[in-house]
Amino acid sequence: MEILSLLAQGFAIALTPTNLAYGFVGALVGTAIGVLPGLGPPATIALLLPITYGMAPTSAVILLAGIFYGAMYGGSTTSILLNIPGEAASVVTCIDGYQMARQGRAGAALAVSAVGSFVAGTASVVGLMLLAPPLAAFALRFGAPEYTALLVLGLMMVGYLGGGSMTKGLMMAALGLLLGMVGLDPIMGSPRFTYGVFKLSEGFEFVLVAMGLFGIGEVLVNVERSTVPEVLKTRIRGLLASREEWRAAGLPLARGSLLGFFVGVLPGGGAIISSFVSYAIEKKLSRHPERFGQGAIEGVAGPEAANNAAATSSFIPLLTLGIPGNASIALIFAALLIHGIRPGPLLVSEQPAVFWGLIASMYIGNLVLLVLNLPLIRLWVKLLEVPYAILAPFVVVFVLVGAYSVNNSVFDVGTTIAFGAVGYALRKLDFEPAPLVLAMILGPQLEAALRRSLIYSRGDLLVFFERPISAALLAVAVLLLLSPLVRWAFERRAV
Amino acid sequence: MRTSRTLTLMLAALLAALAAASPAPAQEFPAKPVELVLPFGPGGSHDLTARAVASVAHQYLGQALLVVLRPGGGGAVGSQQVIRAKPDGYTLLFGGTGPNTIFALVQKAPIGPDQFVPVARVNHSPAVLAVRGDAPWKTFREMVEYAKKNPGKLNFANTGPWGAADFPMRLIARAAGIEYNNIPYDGGGPALLAVLGGHADATFGFAPQLIPQIAAGKMRALAVTGARRLSIMAGVPTVKEEGFDVTFTMWRAALAPKGTPPAVVEKLEAAFRKLAEDRSFKALIKQLGDDVDFQGSKEFAETWRQEWETAAQIVGAAKK
Numbered sequence: 001m002e003i004l005s006l007l008a009q010g011f012a013i014a015l016t017p018t019n020l021a022y023g024f025v026g027a028l029v030g031t032a033i034g035v036l037p038g039l040g041p042p043a044t045i046a047l048l049l050p051i052t053y054g055m056a057p058t059s060a061v062i063l064l065a066g067i068f069y070g071a072m073y074g075g076s077t078t079s080i081l082l083n084i085p086g087e088a089a090s091v092v093t094c095i096d097g098y099q100m101a102r103q104g105r106a107g108a109a110l111a112v113s114a115v116g117s118f119v120a121g122t123a124s125v126v127g128l129m130l131l132a133p134p135l136a137a138f139a140l141r142f143g144a145p146e147y148t149a150l151l152v153l154g155l156m157m158v159g160y161l162g163g164g165s166m167t168k169g170l171m172m173a174a175l176g177l178l179l180g181m182v183g184l185d186p187i188m189g190s191p192r193f194t195y196g197v198f199k200l201s202e203g204f205e206f207v208l209v210a211m212g213l214f215g216i217g218e219v220l221v222n223v224e225r226s227t228v229p230e231v232l233k234t235r236i237r238g239l240l241a242s243r244e245e246w247r248a249a250g251l252p253l254a255r256g257s258l259l260g261f262f263v264g265v266l267p268g269g270g271a272i273i274s275s276f277v278s279y280a281i282e283k284k285l286s287r288h289p290e291r292f293g294q295g296a297i298e299g300v301a302g303p304e305a306a307n308n309a310a311a312t313s314s315f316i317p318l319l320t321l322g323i324p325g326n327a328s329i330a331l332i333f334a335a336l337l338i339h340g341i342r343p344g345p346l347l348v349s350e351q352p353a354v355f356w357g358l359i360a361s362m363y364i365g366n367l368v369l370l371v372l373n374l375p376l377i378r379l380w381v382k383l384l385e386v387p388y389a390i391l392a393p394f395v396v397v398f399v400l401v402g403a404y405s406v407n408n409s410v411f412d413v414g415t416t417i418a419f420g421a422v423g424y425a426l427r428k429l430d431f432e433p434a435p436l437v438l439a440m441i442l443g444p445q446l447e448a449a450l451r452r453s454l455i456y457s458r459g460d461l462l463v464f465f466e467r468p469i470s471a472a473l474l475a476v477a478v479l480l481l482l483s484p485l486v487r488w489a490f491e492r493r494a495v
Numbered sequence: 001m002r003t004s005r006t007l008t009l010m011l012a013a014l015l016a017a018l019a020a021a022s023p024a025p026a027q028e029f030p031a032k033p034v035e036l037v038l039p040f041g042p043g044g045s046h047d048l049t050a051r052a053v054a055s056v057a058h059q060y061l062g063q064a065l066l067v068v069l070r071p072g073g074g075g076a077v078g079s080q081q082v083i084r085a086k087p088d089g090y091t092l093l094f095g096g097t098g099p100n101t102i103f104a105l106v107q108k109a110p111i112g113p114d115q116f117v118p119v120a121r122v123n124h125s126p127a128v129l130a131v132r133g134d135a136p137w138k139t140f141r142e143m144v145e146y147a148k149k150n151p152g153k154l155n156f157a158n159t160g161p162w163g164a165a166d167f168p169m170r171l172i173a174r175a176a177g178i179e180y181n182n183i184p185y186d187g188g189g190p191a192l193l194a195v196l197g198g199h200a201d202a203t204f205g206f207a208p209q210l211i212p213q214i215a216a217g218k219m220r221a222l223a224v225t226g227a228r229r230l231s232i233m234a235g236v237p238t239v240k241e242e243g244f245d246v247t248f249t250m251w252r253a254a255l256a257p258k259g260t261p262p263a264v265v266e267k268l269e270a271a272f273r274k275l276a277e278d279r280s281f282k283a284l285i286k287q288l289g290d291d292v293d294f295q296g297s298k299e300f301a302e303t304w305r306q307e308w309e310t311a312a313q314i315v316g317a318a319k320k
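Chains A and B supply the protein sequences, listed in that same order.
If you read the first sequence in my numbering, its first letter stands for residue 1, the second for the next number, and so on.
If you read the second sequence in my numbering, its first letter stands for residue 1, the second for the next number, and so on.
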């Protein structure tokens, strides 16, 4: 019961008019930058950081945290409507979300994603409140070998993305791995495939590649077809999701939330990995996997729930260990430092107001985001009624301005256009770009983790099998690889 | 009638454009806001320091100081932009050891002391060597002894190849004659996490991040790399006190492109000198775990040159 009284104190802090207002502003700004491609949560939080110098520390954290998880809500909007992933975690939402929009079910996809985000976000706050310390201990057990095994498992899932052929998916993943190699290598810092261009030494910026391949590529393909306006026209069969759609989304939502919550605790790309692992799981479990890639609601519900749950649980390393797990949370860490609070293992006991105030504000923030996003759906869907001839140039401008805003660089705009052309070619040849983008993110992480493990073990490969967590993860990977073989054997015996 | 009116308007517009384009009358520098180019993305300690500088600069400069982010290429993109800018003092680089000494040497990028005139060094961040709270070594010397007896056994987590942790450890290894297992992590958070989780033995961190870990008994600080002890960690000796001739700090400084008139550099230097004494600026920097450590143009040019030469030896030795 102690937790309840502490939570009550938290609500007393979060519900003061000032903090309520900051929470609301955070959620609003977060939604806005989630919708706008390019400028992501870390850049926005950095811009707003100086404003928080004069605030109470709890207010500052409430505002900045709201921007971070608010962006997760907004991120799916452009993915569903225009096939533009605003941030890494919503690449997967493009696959089926955009197909739903093309079939006139944009409203349903947006509603499922908003409600799913709310359910997952709230469930994850409950988890954060109750399970933070044991989970932090679990995160500490994740060394390089465990990450390697997790990433191997993740990379295997990439082949399941989309509805096309597995072979083509794997070809795309291979291309993505190659593109991920561009830049300074993560262990020695030697340049690879940079051809003396310093701009390339940090590799291709993920957002630019994704916006080009998906957003620009899609526009180019659509411009070619004269039938587009008819296809995109929203036949409003009930603006929001139907009862069957909710029923289909229910279990994926629950599974996505759980998965996202646990994977999100791991510092690094928890939200991204959990979103597409959730997609792969739903496709595997579905009785009609062929519907995936054609507008399956499960393919939106699971990943959206997963990335929101992961966004919330990614606060756990900061709040319990004092170590930020991603760039946005590192800025919240900086905000606390400037206020003279040094987050560490004792934060919860030394600064209960910050911890419980933040927890309470997250409950409120998720509710605010739901109330904010549901009415917006009507507006977003209206947007699709704009004739494509008018919409298309706006989309291009929107994407290119977004690309420029990432680093204020014209080179980046060029990169986005170039990947747009690649995206067009891929679409023409019936290749799915999602495996490429995800392999590009996972490849360098896997390489770093693998090499780090081997430096740690001084070249001994047994390190992956001696440690229980990595051995278990690799065993799952092997089972997954063998599963078609096993099924084939069973089917043969049955005949 | 109508045409003549259009013509007049066009003429007026043309004149206005000409007036805007022609050089400002010999007004005193600075006649317009000065751009401080940050060669990194938002949110790092470099960014936070630059914003602390910008928050008080207008009082001493008489003009706003605008922080412009130009990330990319390990700092090379922003650095090169400033080198190519007109050397009139209106475009400065907020440079640092990372891009302008280490990256410049390792990647052979022309963004070092030959390309810039220093304006002023603002501060430096000393690195703190830390081990897990239950580690067998109570002092820096004990750790070095262990590494000497067990070559290659000490697992050291750096914060990225050639980064703020990797470089001082290379200096220490050279001075102490030790071999260690150098494991690169992607930033300070992951490196600290690796030590806390028992996946590595030691790392370099920054004081505000380590202090709460030390208070909770999770980490132990063994030494700092600066020339003096840190005010907020007064109990921790310097590496030099422990008997090894190594001092290394990551500096941050305003740099102007080569060819900037000396009078302009002097003006800027004077503004930075006063800024470094500002109380709210000092307080902000202290919260970030650094001490303000001002050095003027000439003095810092010498410091930088010395650092450059030491670093060149380390880089040269590693590349062999």
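Calculated from the structure, these hints are not laboratory results.
Computed from a prediction, not measured in an experiment: that's the story for all the values here.
The C-beta atom is built at its ideal place from N, Cα and C for all residues, glycine as well.
Check before you lean on any hint, since a few could be wrong.
[Claimed, not checked] Listed next, the in silico DSSO-like pairs over lysine-lysine satisfying Cα-Cα at most 27 Å (straight line):
1. B:Lys286 <-> B:Lys32
2. B:Lys298 <-> B:Lys274
3. B:Lys148 <-> B:Lys138
4. B:Lys286 <-> B:Lys274
5. A:Lys199 <-> B:Lys138
6. A:Lys199 <-> B:Lys108
7. B:Lys258 <-> B:Lys108
8. B:Lys258 <-> B:Lys240
9. A:Lys199 <-> B:Lys258
[What the hints assert, rightly or not] Estimated spans, in silico, between C-beta atoms of each pair:
10. A:Pro375 <-> B:Gly198: 24 to 34 Å
11. A:Leu285 <-> B:Arg229: 44 to 54 Å
12. B:Arg84 <-> A:Leu251: 36 to 46 Å
13. B:Pro33 <-> A:Leu367: 54 to 64 Å
14. B:Arg229 <-> A:Val478: 31 to 41 Å
15. B:Ser231 <-> A:Leu285: 55 to 65 Å
16. A:Ile390 <-> B:Arg84: 16 to 26 Å
17. B:Ala301 <-> A:Ile390: 35 to 45 Å
18. A:Pro387 <-> B:Lys86: 24 to 34 Å
19. A:Pro468 <-> B:Ala64: 33 to 43 Å
These are the hints, each one checked on the structure:
no.	hint	in the structure
1	B:Lys286 <-> B:Lys32	30 Å, violated
2	B:Lys298 <-> B:Lys274	17 Å, holds
3	B:Lys148 <-> B:Lys138	16 Å, holds
4	B:Lys286 <-> B:Lys274	17 Å, holds
5	A:Lys199 <-> B:Lys138	44 Å, violated
6	A:Lys199 <-> B:Lys108	14 Å, holds
7	B:Lys258 <-> B:Lys108	18 Å, holds
8	B:Lys258 <-> B:Lys240	35 Å, violated
9	A:Lys199 <-> B:Lys258	22 Å, holds
10	A:Pro375 <-> B:Gly198: 24 to 34 Å	50 Å, violated
11	A:Leu285 <-> B:Arg229: 44 to 54 Å	59 Å, violated
12	B:Arg84 <-> A:Leu251: 36 to 46 Å	58 Å, violated
13	B:Pro33 <-> A:Leu367: 54 to 64 Å	43 Å, violated
14	B:Arg229 <-> A:Val478: 31 to 41 Å	53 Å, violated
15	B:Ser231 <-> A:Leu285: 55 to 65 Å	58 Å, holds
16	A:Ile390 <-> B:Arg84: 16 to 26 Å	40 Å, violated
17	B:Ala301 <-> A:Ile390: 35 to 45 Å	58 Å, violated
18	A:Pro387 <-> B:Lys86: 24 to 34 Å	47 Å, violated
19	A:Pro468 <-> B:Ala64: 33 to 43 Å	57 Å, violated
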